[in-house]
Amino acid sequence: MAYTGLDFYGIEDLLTEEELMIRDMVRDWVEKEIIPNIEEACRNGVFPDKWREDLGNMGVLGAPLKGYGCPGLSYTAYGLICQELERGDSGVRSFASVQGSLAMYPIWDFGSEEQKNHYLPKMAKGELIGCFGLTEPDYGSNPGDMITRAKEEGDYYVLNGAKMWITNGTIADLAVVWAKLEGEIRGFIVENGDPGFSAPEMKGKHSLKASITSELVLQDCKIPKDRILPGVKGLRGPFSCLNNARFGISWGAVGSAQACFHSAKEYAMSRIQFDNPIASYQLVQNKLAWMLREITKAQLLAYHVGKKKDDGNWIPEQISLAKMNNVDIALEIARMARDIHGANGILDEYPIMRHMANLESVKTYEGTHDIHNLIIGRYITGIQAFTRTL
Amino acid sequence: MSIAVLLKQVPDTTSKISFSGSAVDLSAVTKWSISPYDEYALESALKLKSEGLGDIIAITCGPSRSSKILTDAAAVGADSLVHILVEDLIHDSRNIQKLLSSALNRLNCQIILCGKQAADTNSGSTGPGIASLMEITCVSMVSEIKIDGDDLIAMRNGPNGQEEIQASKPCLFTFDKGTEELRRPNVRGIMMAKKKSIETLTPSDLSVELLNSSVKFDSQISPPEKPPGQKFQGADSVASVVQKLREEANVI
Chain C
1 MAYTGLDFYG
11 IEDLLTEEEL
21 MIRDMVRDWV
31 EKEIIPNIEE
41 ACRNGVFPDK
51 WREDLGNMGV
61 LGAPLKGYGC
71 PGLSYTAYGL
81 ICQELERGDS
91 GVRSFASVQG
101 SLAMYPIWDF
111 GSEEQKNHYL
121 PKMAKGELIG
131 CFGLTEPDYG
141 SNPGDMITRA
151 KEEGDYYVLN
161 GAKMWITNGT
171 IADLAVVWAK
181 LEGEIRGFIV
191 ENGDPGFSAP
201 EMKGKHSLKA
211 SITSELVLQD
221 CKIPKDRILP
231 GVKGLRGPFS
241 CLNNARFGIS
251 WGAVGSAQAC
261 FHSAKEYAMS
271 RIQFDNPIAS
281 YQLVQNKLAW
291 MLREITKAQL
301 LAYHVGKKKD
311 DGNWIPEQIS
321 LAKMNNVDIA
331 LEIARMARDI
341 HGANGILDEY
351 PIMRHMANLE
361 SVKTYEGTHD
371 IHNLIIGRYI
381 TGIQAFTRTL
Chain X
391 MSIAVLLKQV
401 PDTTSKISFS
411 GSAVDLSAVT
421 KWSISPYDEY
431 ALESALKLKS
441 EGLGDIIAIT
451 CGPSRSSKIL
461 TDAAAVGADS
471 LVHILVEDLI
481 HDSRNIQKLL
491 SSALNRLNCQ
501 IILCGKQAAD
511 TNSGSTGPGI
521 ASLMEITCVS
531 MVSEIKIDGD
541 DLIAMRNGPN
551 GQEEIQASKP
561 CLFTFDKGTE
571 ELRRPNVRGI
581 MMAKKKSIET
591 LTPSDLSVEL
601 LNSSVKFDSQ
611 ISPPEKPPGQ
621 KFQGADSVAS
631 VVQKLREEAN
641 VI
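Protein chains in written order, with our numbering: chain C, 1 to 390; chain X, 391 to 642.
No lab work stands behind these hints, which were simulated from the structure alone.
Just to be clear, a hint being listed does not mean it is correct.
Stated by the list, open to error - Quick list of in silico lysine-lysine cross-link-like pairs, DSSO-like style, CA-CA up to 30 Å:
hint, chain 1, residue 1, chain 2, residue 2
1, X, LYS439, C, LYS307
2, C, LYS32, X, LYS439
3, X, LYS536, C, LYS50
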């Protein structure tokens, strides 16, 4: 039976015809291109070039950005794209999130007119790949204390430092790198081929295996002065990118959860033990009912935050809640789906273990689960609990 | 010049079919799509358009829900959209042929493409019936169309090889499985499609008086359940297995 996403509360009825057509376009692509090929891509640790081209041709990269050859879609449409991509694999959604929210967005919001015209149209088509360099080996949840520095030298900026856990790094044509210039965080566009820049791939991941993860090494990396992003100073720059990416993840996680739920339901209906389908047993029904309950709540969070984003009436804490909750329940659903699949759940014939392993990363990147709790804790109490003097 | 593509909205072939009384419950269909053979016709029309043959008019005849497939066709490149609105199901295909041929005459289309049969009724009468009413050439079951000067050459796959059929305009082609699947839309196409208007025509707009139906709908039933498979064990069973393969399965 063809895949139809779980839609217990009729969220589909709230979508526009355009949003539904975009969702179906991406769903169809995922069915035909990702699902049949994802296991091989994971085994080989590659993100096939065809996927980049297809995403560019479909015109979904940088979805909510307007102008400069970008699609200009609603945030809800962007969320639906993320949901469908992640139903295939979190690595594919990661590619699109990084390209759109972390590389295109800062250029679109903080870049000069020349930078926007130069990079965005080609990035929207997938002809140029971007990455985002914020996290460092010793500064993950605490990016404000980053070590990477930029120094003015004549007509150039010279960058020194190292970034880690950079999605798309090795295959990127450009990196939006955050570094301190005279003590203040600024964004810089570093291009592949700039002297002193390299992006070695990090190997040996058990998660997001079809996504490229890299280090960025900046060793006296010299870039022309017009590559600084003029429009932002301080952590607001990288954090506003992260807000958009986290919003996409809150939808993406629903896609992963749907894939696991769908597989668990189908399996439970057809797997016979003690003469009956295991779906007829109360313990299994309890698990399926819990999955439906959590997916429905997650959908409502994601949909509502999308509407708030479209209305421009949102606070970052609302995105934190949606990201944190939705990834959390998606991971639990993946684990529970593995239970329902019994031993079969560990095979790559089913998507379960792949989603589960992916979601371990998704729970950690773009603000760990715990950091999002601290963001919400600060919202409730007015007291920040990220740091203290011991 | 315009290329007309006739599209029918049918329950998606992957959609679950359920029954209400003695008929398929259409209100329970979860997904409606363009009939697959019509998709091949549309893809072929898009290729002819890219080779400069003309604009594409997508036409459907059906209830109001079927306008969705016209928007889908616009998203991949159909230029104008015509919906012949009939709310009740028409079982007598002569009436569908009358409506469509009347619209086609009005639009003055020289090249008409459609699927060889619809995925729901499978009757295969629409294309040839229209050609007959319009008194134009009909080439059925083609897989591909190429431009040859003022004419068109259609390819048809048969059991003993491929036929090439040259046809001059006006001409109607019905499509079997084509050489390429219908292309996927992109965001730009979808956004443009949303803005495209659909011309809605009723039978009276077309001055068509529907004939009294010569077909009476009786009932629809599910196909019978497949009998369970048979198991054979041991060398002793070879003779009976061979006999069954020969006489029941007709495979040797």
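Comparing the hints with the structure gives:
no., hint, result
1, X:LYS439 - C:LYS307, "violated (39 Å)"
2, C:LYS32 - X:LYS439, "holds (26 Å)"
3, X:LYS536 - C:LYS50, "holds (29 Å)"
Hint check: a violation occurs at hint 1 only; the rest are consistent with the structure.
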